[in-house]
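Peer 1: Sequence:
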Amino acid sequence: MIKLSSMIAALATFAVAVVPTAVSAYEVIAHRGVYHDTDTNQTIAENSFYAVVRAHDLGMRGVELDLRLDSSNDVLVAHDLVSNRATVADNDGGKMNSIDVALGLQAAPAALHLSAHNYAFWTNVDLKNYGRNAQLVHNTRVTGDVSHMQNLGSLIYNLKSFRAQVLNDPNFMIILDVQDPLILELAAGIIKQNNLGSHFYLKFFASKALYNTPQFKYNGADTCYTYAKANNLTGLNIIPQINDGELDIDEDDDAGILAFETRLTPAQYLQCWADAQAQHPDAARMPIVSASVPANKPGAKAAAGDTISWAHAHGRKTMTIVPNPDAGRLVNGTCQLFSFQSNNVTAARFNMAARQAKTEFAANSLIRPDYIVWDVMGDYLHGKYHTDFNTYTANLC
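Residue -3 is where the sequence shown starts when you use my numbering, and the numbers rise one by one after that.
No wet-lab data here; the hints were simulated from the structure.
Quick reminder that beta carbons are idealized off the backbone N, C-alpha and C, glycines included.
Hints are not guaranteed to be accurate.
As the list claims (entries may be wrong) - DSSO-like, lysine-lysine: derived pairs with alpha carbons at most 27 Å apart:
id, residue 1, residue 2
1, K313, K225
2, K91, K204
3, K156, K188
4, K188, K204
5, K225, K204
Unchecked claim - Ranges between beta-carbon positions, derived for each pair:
id, residue 1, residue 2, range
6, C331, P166, 34 to 42 Å
7, Q275, N69, 26 to 34 Å
8, N114, P277, 17 to 25 Å
9, G193, A21, 45 to 53 Å
10, K188, A103, 40 to 48 Å
11, H308, A112, 39 to 47 Å
Build out the structure end to end from the sequences listed, making use of the hints.
Peer 2: If you want it as structure tokens, here you go:
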């Protein structure tokens, strides 16, 4: 359990009106919660209890959190497959900084995989906070305690125990981003055990998060219903994600998704879930469809557009993602931008071309997403947040 006295006291005095920095037709989903802040002394850890609470307090529509497995198949709330970047379990005494490694200022320690230890180990591991100029900060005065690695059950327990209004708010979604079939099955079971089916949403990639076995060979709606029953998904909210890597761009948008041992078009794949929901009252519910695009891949872009068009035509809300950098560092007077990598201790240079493609997709008048998953820059003490690139990056360095 985490210590929350200071956090609760701070929240009790939080009376400033929440004012998003821009008004638009879409609603903001905070990517990994709200953990960056214009005041580096307010920086907290990504994918943490506090990052979820802060997104709720700033009036966002929800959060998107990442899930990984440890050695005992506990579902950890974490983005990276290795622990070095985001936790003090970094093979360097808690001092490793992924930006310093990328810039050659630190040697890269050996990667420590989350799958190397069980939850009894990880629950005692502190999370790192990357503040302004990508410096590691330890804001115990903000949280009342450093944040620790949590599993999904622990996160739910703490929300129920200390901030139940987050779970009880019908206008706040907790979206779990899943890239593994066992994680999808286990996370669904945890949600059901806690009777939170109306509050959580499982967003998953077809090629990574579904078992592609003969047991689930494609046969129309029966396949999606059978899959849901076998993997704890019945009655839960799902968000099929047609992502950059989901599409076989060599085939343009013709049967570009490999799912259920079959090549399917986005429309065929989505119709499978929709028909299962229409035919079975206990089927998985699909209220939202998500799509994203890569840079310079016209076939994948067309398929993503077809995905959103299908959603519009079939009464589903739509979602996409627009990334912002994970960190920035002033180098010779210039703010250098970086992204963190899931399976590498070293940060990578931020891909502006990919962001531009995703921004243009979201801005297309034919797309009109209902929700955009953004990396958010908080201004917590003033009750505001920022997603626009210039304001966001100005507060990274």
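Peer 1: Take the hints in turn and mark each one as holding or not.
Peer 2: Structure-based check of all given hints:
1. K313 <-> K225: Given that 27 Å is the threshold and the Cα spacing comes to 24 Å, the pair holds.
2. K91 <-> K204: Not satisfied, since the Cα-Cα distance of roughly 33 Å exceeds 27 Å.
3. K156 <-> K188: Within the cut-off at roughly 15 Å; holds.
4. K188 <-> K204: Within the cut-off at roughly 22 Å; holds.
5. K225 <-> K204: holds, 19 Å
6. C331 <-> P166: 34 to 42 Å: Between C331 and P166, where Cβ atoms are some 39 Å apart, the hint holds.
7. Q275 <-> N69: 26 to 34 Å: holds, 32 Å
8. N114 <-> P277: 17 to 25 Å: violated, 39 Å
9. G193 <-> A21: 45 to 53 Å: Roughly 28 Å apart at Cβ, these two residues miss the hinted range, so it is violated.
10. K188 <-> A103: 40 to 48 Å: holds, 45 Å
11. H308 <-> A112: 39 to 47 Å: Once the Cβ atoms are compared, 45 Å apart, the range 39 to 47 Å for A112 and H308 holds.
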